[in-house]
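Visitor: Start counting the sequence shown at 21; every next residue gets the next number (our numbering).
Honestly, I wouldn't trust all of these hints.
What the hints assert, rightly or not - Listed below are the simulated SDA-like cross-link pairs for lysine to any residue, each with C-alpha atoms no more than 25 Å apart in a straight line:
(1) K51 with L35
(2) K52 with L65
(3) K44 with D63
(4) K44 with E34
(5) K52 with H25
(6) K52 with A78
(7) K44 with E56
(8) K52 with L36
(9) K51 with L31
(10) K52 with G62
(11) K44 with L54
(12) K51 with A78
(13) K44 with E30
(14) K52 with A66
(15) K52 with A39
(16) K51 with L61
(17) K51 with L70
As the list claims (entries may be wrong) - For each label pair, taking beta carbons as the anchor points, the in silico distance ranges come out as:
(18) R67 with E34: 18 to 28 Å
(19) A78 with V33: 32 to 42 Å
(20) L54 with P22: 16 to 26 Å
(21) R73 with V29: 20 to 30 Å
(22) A26 with H49: 40 to 50 Å
(23) D37 with S58: 13 to 23 Å
(24) E43 with A78: 43 to 53 Å
(25) H49 with A77: 38 to 48 Å
Bear in mind the hints are in silico, worked out from the structure with no lab data behind them. All C-beta atoms in this analysis are idealised placements derived from N, C-alpha and C, irrespective of residue type, glycine included.
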Amino acid sequence: MPQLHARGVELVVELLDAAEHLEKLPPDHIKKLLRETSLVLGDLLARDILPARKDAAAS
Numbered sequence: 021m022p023q024l025h026a027r028g029v030e031l032v033v034e035l036l037d038a039a040e041h042l043e044k045l046p047p048d049h050i051k052k053l054l055r056e057t058s059l060v061l062g063d064l065l066a067r068d069i070l071p072a073r074k075d076a077a078a079s
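Given only the sequences and the hints, what does the whole structure look like? Please build it.
Guide: Encoded structure:
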């Protein structure tokens with residue numbers, strides 16, 4: 021999971037950079053960045069849900 025965290029950090033930097041230069045980015049690059057972001061966020065959420073379910077089952 022350290023790779024997932026690192027990729028999330030990279031994406032935050034890329035998103036901040038993209039926000040500063042949005043008018044210069046081609047639409048395909050923006051689309052790719054948004055899709056990658058949604059995949060990583062989904063993976064982060066899935067990772068966080070698993071421990072929560074285990075805690076609920078133990079209660």
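Visitor: For every hint, state whether the structure bears it out.
Guide: Cross-check of the supplied hints:
Between K51 and L35 the alpha-carbon distance is near 12 Å, which keeps this suggested pair within the 25 Å criterion. Between the alpha carbons of K52 and L65 the distance comes to roughly 20 Å, so the proposed pair stays at or under 25 Å and holds. A C-alpha spacing of about 29 Å is found between K44 and D63, which places the hinted pair above 25 Å, so the restraint is violated. In summary, the hint linking K44 to E34 is supported, as the alpha carbons are separated by about 14 Å, within the 25 Å threshold.
A distance of roughly 19 Å separates the Cα atoms of K52 and H25; the hinted pair therefore holds under the 25 Å criterion. With a CA separation close to 40 Å, the supplied pair K52 and A78 exceeds the 25 Å bound. About 19 Å separates the Cα atoms of K44 and E56, which keeps this hinted pair within 25 Å; it holds. A C-alpha spacing of about 15 Å is found between K52 and L36, which places the hinted pair at or below 25 Å, so the restraint holds.
Note on K51 and L31: the hinted pairing holds, with a Cα-Cα distance of about 13 Å set against a maximum of 25 Å. Proximity of K52 to G62 is assessed by CA-CA distance (about 15 Å); at most 25 Å being required, the pair is judged to hold. For the suggested pair K44 and L54, the alpha carbons sit about 16 Å apart, so the restraint of at most 25 Å is met. Taken as a hint, the K51 and A78 pair is broken in the structure, with Cα atoms around 41 Å apart against an allowance of 25 Å.
A hinted pair counts as satisfied when its Cα atoms are at most 25 Å apart, and K44 with E30 qualifies at roughly 20 Å. Simply put, K52 and A66 have alpha-carbon atoms about 21 Å apart, close enough for the 25 Å limit, and the pair holds. Taken as a hint, the K52 and A39 pair is honoured in the structure, with Cα atoms around 14 Å apart against an allowance of 25 Å. About 15 Å separates the Cα atoms of K51 and L61, which keeps this hinted pair within 25 Å; it holds.
Restraint check: the Cα-Cα separation between K51 and L70 comes to about 29 Å, which exceeds 25 Å; the hinted pair is violated. At about 20 Å, the CB distance of R67 to E34 agrees with the hint of 18 to 28 Å. Taking the beta carbon of each, A78 and V33 are about 37 Å apart, inside 32 to 42 Å as hinted. Take L54 and P22: their Cβ atoms lie about 24 Å apart, and the range 16 to 26 Å holds.
As the Cβ distance of R73 to V29 is approximately 26 Å, the hint placing it in 20 to 30 Å holds. For the pair A26 and H49, the beta carbons lie near 21 Å from each other, so the given range of 40 to 50 Å is not met. A hinted range of 13 to 23 Å for the beta carbons of D37 and S58 is consistent with their spacing of about 18 Å. Checking the proposed 43 to 53 Å range against E43 and A78 shows it holds: the Cβ atoms sit about 51 Å from each other.
With their beta carbons about 43 Å apart, H49 and A77 fall inside the hinted range of 38 to 48 Å.
Going down the numbered hints, you'll see the structure goes against 3, 6, 12, 17, 22, while the others check out.
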